[in-house]
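**Q** Sequence:
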Amino acid sequence: KSLRLARKLEPGFVLTVEPGIYIIPQLIDRWRAEGRFTEFVDYDAVDKLRDFGGIRIEDDVVVTESGCRVLGPAIPKEIDEVEGLARG
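Quick note on numbering: the sequence shown equals residues 1 to 88 in the numbering used here.
Derived by calculation from the structure, the hints in this document are not laboratory data.
Be careful, since some hints might not be right.
Ranges of calculated distance between the beta carbons of each label pair, as one might list FRET restraints [unchecked claim]:
no.: 1; residue 1: Y22; residue 2: G67; range: 23 to 33 angstroms
no.: 2; residue 1: V70; residue 2: R7; range: 16 to 26 angstroms
no.: 3; residue 1: V82; residue 2: R50; range: 36 to 46 angstroms
no.: 4; residue 1: S66; residue 2: Q26; range: 40 to 50 angstroms
Owing to the predicted nature of the structure, the values given are computational and were not obtained by experimental measurement.
We put the CB at the ideal spot given by N, CA and C, even for glycine.
Please take these sequences and the hints and turn them into a complete structure.
**A** Encoded structure:
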């Protein structure tokens with residue numbers, strides 16, 4: 001549904017799966033002041049992450065006859081792996 005493509009995926013197609021999160025202090029401040037998204041956002045917890053910035057962990061994926069395959073080497077995805085990589 002969210003893939004903005006007006007056709008069926010076919011074997012050989014390559015796409016990027018790129019989930020991410022970005023902490024934008026000005027936007028968070030505005031939402032909090034307006035009382036927006038309070039049922040979804042724990043603003044006290046978000047405040048602790050104000051200086052984080054953001055992260056996107058992406059994979060390039062090729063569509064195959066039977067599903068899909070991630071291209072390239074495996075990358076860290078678990079929290080402890082990503083945090084370890086970020087620390088250097």
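**Q** None of the hints should be skipped; say for each whether it holds.
**A** Outcome of the hint check:
no., hint, result
1, Y22 - G67: 23 to 33 angstroms, "holds (30 angstroms)"
2, V70 - R7: 16 to 26 angstroms, "holds (22 angstroms)"
3, V82 - R50: 36 to 46 angstroms, "violated (19 angstroms)"
4, S66 - Q26: 40 to 50 angstroms, "holds (46 angstroms)"
The structure fails hint 3 only (numbered hints given earlier).
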